[in-house]
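This is what each chain is made of:
Protein chains: 2
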Amino acid sequence: MTSINQNYLELQGSYLFSEIAKRRTKFIQENPNAEIISLGIGDVTRGLPDAVLKAMHGAVDELAAPGSFRGYGPEQGYDFLINAIIENDYKARGIDIATNEVFVSDGSKCDVGNIQEIFSDNSIVAVQDPVYPVYVDTNVMAGRSGKYNQETKRYENIAYLSCTAENDFKPSLPDRKVDIIYLCYPNNPTGMTLTKEELKVWVDYAKANNCIILYDSAYEAFIQEEDVPHSIYEIEGAKEVAIEFRSFSKTAGFTGVRCAYTVVPRELKGLDAAGNEVLINDLWNRRHTTKFNGVSYVTQRGAAAIYSEEGKDQIKALVDYYMTNAGIIRDGLASIGLEVFGGVNAPYIWLKTPGGMDSWSFFDKLLSEANIVGTPGVGFGQSGQGYFRLTAFGSRENTEKAVERIRKLSL
Amino acid sequence: MTSINQNYLELQGSYLFSEIAKRRTKFIQENPNAEIISLGIGDVTRGLPDAVLKAMHGAVDELAAPGSFRGYGPEQGYDFLINAIIENDYKARGIDIATNEVFVSDGSKCDVGNIQEIFSDNSIVAVQDPVYPVYVDTNVMAGRSGKYNQETKRYENIAYLSCTAENDFKPSLPDRKVDIIYLCYPNNPTGMTLTKEELKVWVDYAKANNCIILYDSAYEAFIQEEDVPHSIYEIEGAKEVAIEFRSFSKTAGFTGVRCAYTVVPRELKGLDAAGNEVLINDLWNRRHTTKFNGVSYVTQRGAAAIYSEEGKDQIKALVDYYMTNAGIIRDGLASIGLEVFGGVNAPYIWLKTPGGMDSWSFFDKLLSEANIVGTPGVGFGQSGQGYFRLTAFGSRENTEKAVERIRKLSL
Numbered sequence: 020m021t022s023i024n025q026n027y028l029e030l031q032g033s034y035l036f037s038e039i040a041k042r043r044t045k046f047i048q049e050n051p052n053a054e055i056i057s058l059g060i061g062d063v064t065r066g067l068p069d070a071v072l073k074a075m076h077g078a079v080d081e082l083a084a085p086g087s088f089r090g091y092g093p094e095q096g097y098d099f100l101i102n103a104i105i106e107n108d109y110k111a112r113g114i115d116i117a118t119n120e121v122f123v124s125d126g127s128k129c130d131v132g133n134i135q136e137i138f139s140d141n142s143i144v145a146v147q148d149p150v151y152p153v154y155v156d157t158n159v160m161a162g163r164s165g166k167y168n169q170e171t172k173r174y175e176n177i178a179y180l181s182c183t184a185e186n187d188f189k190p191s192l193p194d195r196k197v198d199i200i201y202l203c204y205p206n207n208p209t210g211m212t213l214t215k216e217e218l219k220v221w222v223d224y225a226k227a228n229n230c231i232i233l234y235d236s237a238y239e240a241f242i243q244e245e246d247v248p249h250s251i252y253e254i255e256g257a258k259e260v261a262i263e264f265r266s267f268s269k270t271a272g273f274t275g276v277r278c279a280y281t282v283v284p285r286e287l288k289g290l291d292a293a294g295n296e297v298l299i300n301d302l303w304n305r306r307h308t309t310k311f312n313g314v315s316y317v318t319q320r321g322a323a324a325i326y327s328e329e330g331k332d333q334i335k336a337l338v339d340y341y342m343t344n345a346g347i348i349r350d351g352l353a354s355i356g357l358e359v360f361g362g363v364n365a366p367y368i369w370l371k372t373p374g375g376m377d378s379w380s381f382f383d384k385l386l387s388e389a390n391i392v393g394t395p396g397v398g399f400g401q402s403g404q405g406y407f408r409l410t411a412f413g414s415r416e417n418t419e420k421a422v423e424r425i426r427k428l429s430l
Numbered sequence: 020m021t022s023i024n025q026n027y028l029e030l031q032g033s034y035l036f037s038e039i040a041k042r043r044t045k046f047i048q049e050n051p052n053a054e055i056i057s058l059g060i061g062d063v064t065r066g067l068p069d070a071v072l073k074a075m076h077g078a079v080d081e082l083a084a085p086g087s088f089r090g091y092g093p094e095q096g097y098d099f100l101i102n103a104i105i106e107n108d109y110k111a112r113g114i115d116i117a118t119n120e121v122f123v124s125d126g127s128k129c130d131v132g133n134i135q136e137i138f139s140d141n142s143i144v145a146v147q148d149p150v151y152p153v154y155v156d157t158n159v160m161a162g163r164s165g166k167y168n169q170e171t172k173r174y175e176n177i178a179y180l181s182c183t184a185e186n187d188f189k190p191s192l193p194d195r196k197v198d199i200i201y202l203c204y205p206n207n208p209t210g211m212t213l214t215k216e217e218l219k220v221w222v223d224y225a226k227a228n229n230c231i232i233l234y235d236s237a238y239e240a241f242i243q244e245e246d247v248p249h250s251i252y253e254i255e256g257a258k259e260v261a262i263e264f265r266s267f268s269k270t271a272g273f274t275g276v277r278c279a280y281t282v283v284p285r286e287l288k289g290l291d292a293a294g295n296e297v298l299i300n301d302l303w304n305r306r307h308t309t310k311f312n313g314v315s316y317v318t319q320r321g322a323a324a325i326y327s328e329e330g331k332d333q334i335k336a337l338v339d340y341y342m343t344n345a346g347i348i349r350d351g352l353a354s355i356g357l358e359v360f361g362g363v364n365a366p367y368i369w370l371k372t373p374g375g376m377d378s379w380s381f382f383d384k385l386l387s388e389a390n391i392v393g394t395p396g397v398g399f400g401q402s403g404q405g406y407f408r409l410t411a412f413g414s415r416e417n418t419e420k421a422v423e424r425i426r427k428l429s430l
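Here the protein sequences come in this chain order: D and W. For the record, in the first sequence the residue sitting at position 290 is 309 according to the numbering used here, with numbers rising by one throughout. For the record, in the second sequence the residue sitting at position 385 is 404 according to the numbering used here, with numbers rising by one throughout.
Please keep in mind that the hints were generated in silico from the structure rather than gathered at the bench. Be aware that a few hints might be false.
Stated by the list, open to error - Stretch by stretch, here's where chain W covers chain D in the computed footprint (C-beta under 8 Å, at least three residues):
hint, stretch
1, 56-63
2, 70-81
3, 181-192
4, 224-235
5, 400-408
To be verified - Straight-line Cα separation of at most 25 Å, DMTMM-like style, residue types lysine to aspartate or glutamate; simulated pairs:
hint, chain 1, residue 1, chain 2, residue 2
6, W, Lys166, D, Glu296
7, W, Lys166, D, Asp291
8, W, Lys73, D, Glu81
9, W, Lys335, D, Asp80
10, W, Lys166, W, Glu29
11, W, Lys73, D, Asp80
12, D, Lys45, W, Glu94
13, W, Lys288, D, Glu29
14, D, Lys166, W, Glu296
15, D, Lys331, W, Asp80
16, D, Lys166, W, Asp291
17, D, Lys41, W, Asp301
18, W, Lys45, D, Glu29
19, D, Lys73, W, Glu81
20, D, Lys335, W, Asp80
21, W, Lys172, D, Asp301
22, D, Lys331, W, Glu81
23, W, Lys331, D, Glu253
Note that beta-carbon positions come from the ideal geometry of N, C-alpha and C, so glycine has one too.
Construct the entire structure; sequences and hints are all you get.
The structure is reproduced here in structure tokens:
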């Protein structure tokens with residue numbers, strides 16, 4: 020028989036959201052009349068903005084006839100979308116990004132999962148803890164994690180940067196040499212952010228210590244406060260050390276439509292075995308064009324419509340809707356004495372479970388007593404133990420109802 | 020600086036179609052009035068079938084309102100599509116495939132590129148020569164190829180199975196131990212096929228020699244002859260040794276819409292380092308759910324519509340259109356004494372260049388003298404030297420015009 024990739028055997032359990040789905044399904048089977056409210060998986064619920072719908076219908080019509088039909092597009096994305104991204108997400112903030120530095124894809128999950136391929140298998144990876152599981156699992160699959168330690172519940176070769184209430188969810192710099200640092204801001208799952216000054220510390224560290232920052236900025240659109248950077252490239256020198264990931268999933272309701280993009284500056288370099296400098300942009304371009312064939316034309320037309328005047332207004336309304344939900348959850352939970360974090364520049368509320376309860380016990384309590392599905396913090400890492408994530412992506416009605424139910428619990 | 024994946028430096032030149040585009044662009048710049056006909060890259064040109072357009076419009080409408088909105092779907096694809104696939108592509112041919120054996124994706128290029136990840140880095144890979152470059156390049160990236168030999172123009176650790184007119188484009192069995200065999204039927208680029216009996220030889224070989232067949236069947240819809248298998252699972256025992264890849268790209272004009280699927284039978288097993296059997300289906304499921312987030316809902320609704328009665332008729336008309344083109348090219352070229360292959364069960368015509376001309380010289384001659392863009396056979400491997408690929412995906416008018424121009428050449 021053919022030998023398998025042995026690293027897969029180091030993967031632990033199943034993906035967090037599968038476990039949640041399993042417990043939820045079991046509960047529904049046993050309680051068929053329960054009216055479940057899901058504030059668990061970070062999935063949006065509102066309809067797509069009108070400007071997007073109109074653009075998608077238009078694109079479908081174009082595909083009807085040979086004259087306007089579009090087959091294979093550029094793997095990196097169409098210029099009409101790339102130019103809109105550069106103009107609105109970067110140039111408008113004083114950042115210069117070239118067209119060959121933007122790679123449109125079908126999702127940030129794919130991009131942050133695939134990016135590690137272009138680096139050495141020996142790279143030492145640092146992640147925040149709690150962390151989006153994809154960062155860790157994809158490095159386990161590539162053999163960078165080392166063994167899983169059943170006691171510490173951590174991989175021995177991964178550097179975990181703890182983010183808890185004790186350090187205001189701002190990680191300390193690594194205490195050992197690392198090559199790749201995953202940073203996610205606004206953070207999933209904690210909903211917390213860094214100021215420009217705080218992010219500058221990381222950029223400077225990466226420059227001084229020869230590492231690359233993989234900056235996941237999927238929740239950028241939710242930033243409300245002044246001093247929170249929208250792009251890592253607002254920090255001087257970041258182009259020499261950082262790759263940035265952005266997504267339309269949460270910004271514009273694209274979780275089921277699939278569009279994201281990654282910026283790989285031409286200034287960013289790596290080293291080959293002989294010590295020569297190699298452009299990371301070239302490597303990613305080769306990877307992207309060899310293993311990917313572009314995003315659906317219909318989707319790209321929809322994404323570009325977000326940048327129209329009409330689209331921008333509609334996106335703002337969508338973000339406002341969810342951020343109002345976030346405020347309702349924050350205030351509601353705080354009013355009964357729960358310790359809550361996030362929810363100001365991100366659609367995630369991170370709460371400390373009451374009475375030192377562990378995360379999964381709180382999950383089960385919330386499900387059985389309030390019929391609410393949330394996400395156990397420990398599912399994102401050991402530093403998430405004793406925390407719990409609620410999302411602002413529900414309807415207003417469900418969000419208010421959920422908060423009411425939680426207020427009535429004996430906690 | 021962070022160390023890169025050193026294997027990328029073993030990749031040769033740029034991707035075939037980039038080089039074609041470069042030469043084409045140069046020619047157009049120098050000859051702005053030339054009326055170019057492209058029979059090069061295997062991209063479709065007709066509009067999408069009505070049934071598909073209708074379904075996509077309907078899906079966009081569903082995304083408008085919270086009640087019918089769809090966010091994240093199952094990474095493996097929606098049941099409505101998976102069930103249609105199983106019913107029509109397998110059950111109708113007497114093949115049992117379970118829902119958890121089908122993985123819907125955004126393209127066969129991605130699937131055949133990504134599948135190698137779940138196997139050991141030490142696996143020995145066999146490919147047909149000529150070959151779709153993605154099979155080779157993705158294994159180079161993973162470090163399975165060994166060094167590139169500038170004289171033989173082949174990687175030292177890859178087993179190349181030559182397919183030329185001498186063996187009627189039917190590869191011999193490997194002459195050394197291999198672990199993974201890529202087979203593509205109907206073949207890209209030669210357009211040739213195997214009979215059931217001939218394919219059975221490969222299935223039996225894989226069983227006897229403990230290897231896995233990666234069966235790329237992206238052109239299945241073009242099969243016209245009786246004895247040509249539509250699925251490798253028509254061969255007894257194939258579920259124990261084969262993964263099958265299918266695409267809607269050419270079948271239904273989805274090159275810009277992005278949908279494909281991969282079948283990984285639960286009978287298929289690999290070995291871990293301790294000698295234990297591992298289900299390949301479990302590994303692929305883990306890979307697919309960790310690094311991919313499902314295909315656009317709009318695309319999946321479009322793909323499912325292909326299996327409606329209306330859709331089936333429209334697909335058949337589309338395939339007939341292209342296969343009539345294939346006949347026109349075949350007959351036209353044969354009539355002036357060119358040796359032509361393929362084009363009977365596939366939209367590709369593979370011709371022997373006249374007078375022993377090499378593939379790129381014939382490319383340049385065809386471009387400069389007939390203003391036709393084709394694909395040099397050598398771009399697919401050394402055994403493609405002296406051959407040339409034309410595709411049947413143009414319009415009828417352009418196809419006829421192209422054949423007329425070739426007939427007038429002095430060859």
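Verification of the hints:
{"no.": "1", "hint": "56-63", "verdict": "holds (count 3)"}
{"no.": "2", "hint": "70-81", "verdict": "holds (count 5)"}
{"no.": "3", "hint": "181-192", "verdict": "violated (count 0)"}
{"no.": "4", "hint": "224-235", "verdict": "holds (count 3)"}
{"no.": "5", "hint": "400-408", "verdict": "violated (count 0)"}
{"no.": "6", "hint": "W/Lys166 x D/Glu296", "verdict": "21 Å, holds"}
{"no.": "7", "hint": "W/Lys166 x D/Asp291", "verdict": "16 Å, holds"}
{"no.": "8", "hint": "W/Lys73 x D/Glu81", "verdict": "13 Å, holds"}
{"no.": "9", "hint": "W/Lys335 x D/Asp80", "verdict": "21 Å, holds"}
{"no.": "10", "hint": "W/Lys166 x W/Glu29", "verdict": "7 Å, holds"}
{"no.": "11", "hint": "W/Lys73 x D/Asp80", "verdict": "10 Å, holds"}
{"no.": "12", "hint": "D/Lys45 x W/Glu94", "verdict": "21 Å, holds"}
{"no.": "13", "hint": "W/Lys288 x D/Glu29", "verdict": "18 Å, holds"}
{"no.": "14", "hint": "D/Lys166 x W/Glu296", "verdict": "21 Å, holds"}
{"no.": "15", "hint": "D/Lys331 x W/Asp80", "verdict": "20 Å, holds"}
{"no.": "16", "hint": "D/Lys166 x W/Asp291", "verdict": "16 Å, holds"}
{"no.": "17", "hint": "D/Lys41 x W/Asp301", "verdict": "17 Å, holds"}
{"no.": "18", "hint": "W/Lys45 x D/Glu29", "verdict": "51 Å, violated"}
{"no.": "19", "hint": "D/Lys73 x W/Glu81", "verdict": "13 Å, holds"}
{"no.": "20", "hint": "D/Lys335 x W/Asp80", "verdict": "21 Å, holds"}
{"no.": "21", "hint": "W/Lys172 x D/Asp301", "verdict": "23 Å, holds"}
{"no.": "22", "hint": "D/Lys331 x W/Glu81", "verdict": "22 Å, holds"}
{"no.": "23", "hint": "W/Lys331 x D/Glu253", "verdict": "53 Å, violated"}
Consistency note: the structure conflicts with the earlier hints numbered 3, 5, 18, 23.
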